[in-house]
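Engineer: Residue numbers (my numbering), protein chains in the order written: chain A, 1 to 354; chain B, 1 to 354.
No wet-lab data here; the hints were simulated from the structure.
In this text, all values refer to a predicted model and were calculated from it rather than measured experimentally.
Cβ atoms here follow ideal geometry from the backbone N, Cα and C, with glycine treated the same way.
Do not take every clue at face value.
What the hints assert, rightly or not - If you want the footprint, here are the derived chain B segments under chain A, 3+ residues with CB under 8 Å:
#1 202 to 213
#2 220 to 232
#3 251 to 258
#4 276 to 290
Number of protein chains: 2
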Amino acid sequence: MGTTAKTQFQKPLLAVLKGETQTPPPIWLMRQAGRYLPEFRAVRKEIGGFLDLCYNPKKACEVTLQPIERYGFDAAILFSDILVVPHGLGQHVEFRTGEGPVLEALKDAEDLAKLDLSQLHEKMAPVYAAVSEIRTALAQTAPKTALIGFAGAPWTLACYMVEGKGSKDYARTKEWAYGQTDLFQKLVDLLVEAIAAYLVRQIDAGAEAVQIFDSWAGVLPEDALKRWSLEPITAIAEKVKAERPETPIIAFPRGAGQLYESFAKIPHIDALGLDTTVPLDWAVEVLQPHVALQGNLDPIRMVVGGAEMDQAIDYILEKTAKGRFIFNLGHGCVPNTPPENVARLVDRIRNFSF
Amino acid sequence: MGTTAKTQFQKPLLAVLKGETQTPPPIWLMRQAGRYLPEFRAVRKEIGGFLDLCYNPKKACEVTLQPIERYGFDAAILFSDILVVPHGLGQHVEFRTGEGPVLEALKDAEDLAKLDLSQLHEKMAPVYAAVSEIRTALAQTAPKTALIGFAGAPWTLACYMVEGKGSKDYARTKEWAYGQTDLFQKLVDLLVEAIAAYLVRQIDAGAEAVQIFDSWAGVLPEDALKRWSLEPITAIAEKVKAERPETPIIAFPRGAGQLYESFAKIPHIDALGLDTTVPLDWAVEVLQPHVALQGNLDPIRMVVGGAEMDQAIDYILEKTAKGRFIFNLGHGCVPNTPPENVARLVDRIRNFSF
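Kindly produce the complete structure, drawing on both the sequences and the hints.
Structural biologist: Written as structure tokens, this is what we have:
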């Protein structure tokens, strides 16, 4: 069982991203460092605000490594938040307990003109420092675990920047995109530049792969999804690969439905994160010939655990693991996930009969 | 232009649902009777609560007809709410201004046992009376406009019944579905029976077609969507057609993605409502051979209006109108829709060069 011996790569995640099939597949979970872990809650309590934790390299490193120590995941993902980029561009961002993120919403061209790309790297310095610290620590304690950096995609960031908070339908953002298209394009172009530069710096600091999260791609109709999700992600991937051609890129256009196919054909995308709803027979047939697949267990199945979770894991492995595959959730771990269910999940995947 | 002369049906909507292609296609809009209309807000203000309006046959008839008078839509849809069914089963339901619906959430088997199917028709009597009143009024004032009845699908109703309110991810409902599957099946079975009976009574009162709204189908992974959305909707359609074989059924499994294909193959479904995200080339190729299509303009495009809306309308018509098609939105009209944009939309569709 397992093909690790045959690979030229020490790290199973990188092997899959670079073109190999691994059995068992590498495993990591979105939001694997988070509130479901008591050791995370302890650090969170000790530090004041959420952004304070993101900008504290030592503590960000500590919480990033917690799930690696517990579960031996094949990837560590930088502990941070997609909203550090709007913050780095000068927008006011805060995280209120029980309420989620609150931004000073962009209202017009004047607000847009205030965004300042020139400060980004200075403001993101603690994030880059965290990446370096995590990479160094992994080399010592978990040499087979790869480090993933990440950023939010332009559409998803724009949603938060224009609404000022979460929304059910992102109607204000759509009104900008549909009604003031040139202005919205300026915002998206600025974000493409910022995100690409931010990812390159994360790579230089030690990230071995990067993931682009387009969490709200699924609220857009076909033509708008192409313009505001597919095209900007394509542009970011091109820019990053032009500068750092060896670093794999994972895109996660959540809710893209049938249009996942267009993402699979972006030349510089190496893997696609599948949300919980993507049918796997379709994904294996249409997407896997072009990219590695990553996903797509429903996080609520990890809350329930037991035989129900086991069956869902087995189904995913049976469908996808003949090709390039990375086991993950279709959405982030939720706070009421019992930590023992995560251990059971890892154990089940690593002992599965392929 | 137009093939109405050739049809055996007086009502274009019924012609399409029964197998004909109409150019221009029939038009109606989800939530066409609603807060964007000043005449609706006037009635709403005069009546106390939202449910009071749903249970007032005279006033429900009045608001149902308002958009028909203004725009000459090809269908009127009963003014009501999907949550009248849980209410009719004995669950406490209220609508709080600015907060949406609030239900006394089902917590366990005991709460489930309290639901009482025997009172449903008595409690729904004012709804059935509204249907009759609307049908009579249409015969006099808009003889080409068909009357659509509707109900929420079991999964979507269960989401509200278990959560007690709207939710981002319906995690508690999923925990029931995944973790207490037999108990959840009982709830769904009860809802299948209630909804089928409720739709049959609407038909007997005068509804000429019925639509089943599964607004939250899109939060379910493939296997769960089949079990909790596809199977119950299939069962409802079978029951309704067994009793009233001539009445067409429209299903709207919002967010079903690639699995729309399975809904298109349900023998008793005559049309599928497409959410805003469904790519139309795919829908025409994969779905339209089996069913009439209905949808899928993004309601925010109707807020923006102008050339942007026109282009989006033209795109939909060019893609879909060669086959059986009903123009509609991909989601309900939003309250800030300018009424003049609705007039522009109807005008554009009726004067489109096919």
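Engineer: A separate judgement is required for each hint: does it hold in the structure or not?
Structural biologist: Here is how each hint holds up against the structure:
1. With a threshold of 8 Å between beta carbons, the proposed coverage of the region 202 to 213 of chain B by chain A is violated, since 0 of its residues qualify and at least three are required.
2. With a cut-off of 8 Å between beta carbons, the region 220 to 232 of chain B has 6 residues touching chain A; three or more are needed, and the interface restraint holds.
3. Under a criterion of three residues with beta carbons nearer than 8 Å to beta carbons of chain A, the stated coverage of the region 251 to 258 of chain B is upheld, 3 such residues being counted.
4. Against chain A, the region 276 to 290 of chain B contributes 6 residues with a C-beta closer than 8 Å to a partner C-beta. That satisfies the three-residue criterion, and the hint holds.
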